[in-house]
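Chains as they are written, first to last, in my numbering: chain P, 95 to 321; chain Y, 95 to 321; chain L, 95 to 321.
Simulated from the structure, these hints should not be mistaken for laboratory data.
Quantities reported herein were computed from a predicted structural model and do not represent experimental measurements.
Fair warning: there could be bad hints in the mix.
Derived DEER-like restraints, expressed as beta-carbon distance ranges [said to hold, decoys possible]:
| no. | chain 1 | residue 1 | chain 2 | residue 2 | range |
| --- | --- | --- | --- | --- | --- |
| 1 | L | 211 | P | 106 | 52 to 62 Å |
| 2 | P | 134 | Y | 125 | 38 to 48 Å |
| 3 | L | 299 | Y | 282 | 42 to 52 Å |
| 4 | Y | 297 | L | 306 | 49 to 59 Å |
Calculated Cβ distances over 12 Å to all of chain Y for the following chain P residues [what the hints assert, rightly or not]:
| no. | residue |
| --- | --- |
| 5 | 113 |
| 6 | 127 |
| 7 | 134 |
| 8 | 196 |
| 9 | 214 |
| 10 | 250 |
| 11 | 284 |
| 12 | 285 |
No residue lacks a Cβ here, since even glycine has one placed at the ideal position from N, Cα and C.
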Amino acid sequence: MKENKNVAIYEPVEIGKDPILEDFVILGKRPVKSRNKRMKLIIGDFPVIRSGTIIYAGNVIGDNFQTGDNARIRENNRIGNNVSVGSGSIIERDCEIMDNVKIHSGCFIPEYTIIKENAWIGPGVIMTNVLHPPCPAFKKHAPLLGKKCCHGPIIEKNAVVGAGAVILPGIVIGENSLVGAGSIVTKDVPSDRLVAGNPARVSKKIEEVECPLGFYKRGEVYSWRKK
Amino acid sequence: MKENKNVAIYEPVEIGKDPILEDFVILGKRPVKSRNKRMKLIIGDFPVIRSGTIIYAGNVIGDNFQTGDNARIRENNRIGNNVSVGSGSIIERDCEIMDNVKIHSGCFIPEYTIIKENAWIGPGVIMTNVLHPPCPAFKKHAPLLGKKCCHGPIIEKNAVVGAGAVILPGIVIGENSLVGAGSIVTKDVPSDRLVAGNPARVSKKIEEVECPLGFYKRGEVYSWRKK
Amino acid sequence: MKENKNVAIYEPVEIGKDPILEDFVILGKRPVKSRNKRMKLIIGDFPVIRSGTIIYAGNVIGDNFQTGDNARIRENNRIGNNVSVGSGSIIERDCEIMDNVKIHSGCFIPEYTIIKENAWIGPGVIMTNVLHPPCPAFKKHAPLLGKKCCHGPIIEKNAVVGAGAVILPGIVIGENSLVGAGSIVTKDVPSDRLVAGNPARVSKKIEEVECPLGFYKRGEVYSWRKK
């Protein structure tokens, strides 16, 4: 283990092969109110945990995990292989983040969010999980409530969420769809669409997106993501 | 005092009963240019100061104060009881934050902002305090200027500001009002209204907001906040 | 050198006169994949590096540099004199930031961004550098691609970007122009204009901007910046 200055590790922490832990990293921190002293942090092989990253106990994380500096991941998330969480991004608890997901810098991902394989989340994206915050029904009935009220968004496979977008609670971003930078997404986005605006509206089909420099033909810009 | 690894405390710091100070916390830091070596940091009973939080000298903070990881609070703020400041949020100096205010993660609260009792500020909210930055009149005349020019917003009692909203300088968000996620608020918001959009416009009265799951009847969604 | 608790310095680091290095600062960190063990960090005279700031190796930074708490600056940037990078802001690699630029708190500045003399970037501004992220052509052809495809924005001299604005890839913000808070800028902005909205549209000429308190006459609000 390559471990830099001043790393704070709270056992039980289980890490795979060849981890890199940079300065001021905190691993396995328990939530203040947790009574479960055996909450374990599990991280797979070859993780790169950059400076100042905080990963709470109770997470199960796959191989090749990467964080940017000052990333923060609360408890009880399930995180797949080849996932990266960028600098300063916050993942709250009880999320499911599947293989090959990239979350860029400065994002906020609330409780109960689901981000499926190969999705790409741009810098400064903010997701939400309560329609009428701070709804007291959420605290009282949280386990019973449907995804449309108090659960996080669902980002389907291969979807791309542009920089600075805000996603409302329970919204589904369809497979292969693209949310334009700065969009405020208040309605579900179907598959294979480009949406943009405040509120976000369908602008075109994803196969109509063109590369201005001609690296891809019309209809091919995102076709490589479906393979 | 439960104090973790590597906490940096710059006296004089006065903390009440049973504080929890997590790793890499900094308390009582003086501003670089400050000549006042006796600026004191006062925090009430039962604070939970999470990892990496920085609280400057000159703040007076009530009981049951909580911060998320990497919160940062500059000098000379007055902060009431039962206030929380979420992960990565920044409170600049000379703000007034009253009892029971919750500021979520990744917010920016500039100098001279006033947030009144029971207000709830969502993740990624950005407030501003200068209409024409970087106005040199601000530096020259700051103590003389009215709230409409160079002061922070005023968030009235029970107001809720949705995720990712941007609030322009000196804007007043009325009592019990709700600012929709992603709104850009360029005009004062009256009491008891829902506003949304860029620029934000009044969308409906707060008593017309409905709970899609029926936990509250029409008109009751936010009525519990007025009690 | 005034150096606080727990500073991590990775040589070679070259700093000028009278630096202030606060707690938990990291200087000269090498990127994980870098093979160049002699990448040097150069900082001029009188820097103030606030708590938790991370500055990678390979940067060349001028005099009077200031960072807010938890600022993070990746490798190979050229940064002029009298520049400040605010709390929590992220500068990726290979940017050029010229003299007297002020970048406020919580900003994201991606690779290949150019910010020219005297520009002012408000809190929470997010810039981008790839039109169709995560475009594989970017990785393959990055050095060959023109500014309109995969390069960062160009912020011209004296321009002001308001709080929470999102700037699309390769966009040019003209000299002396003002981007209103919360704008989503999808087209180049000419010189001497005010733009606002989602998408941002030209609202007026900069000389038509008025100070509501009369500190400046009509047309004079930003005239002091041109001197």
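How the hints compare with the structure:
no. : hint                         : result
1   : 211(L) to 106(P): 52 to 62 Å : holds (54 Å)
2   : 134(P) to 125(Y): 38 to 48 Å : holds (42 Å)
3   : 299(L) to 282(Y): 42 to 52 Å : violated (27 Å)
4   : 297(Y) to 306(L): 49 to 59 Å : violated (27 Å)
5   : 113                          : holds (19 Å)
6   : 127                          : violated (9 Å)
7   : 134                          : holds (19 Å)
8   : 196                          : holds (19 Å)
9   : 214                          : holds (19 Å)
10  : 250                          : holds (21 Å)
11  : 284                          : holds (20 Å)
12  : 285                          : holds (23 Å)
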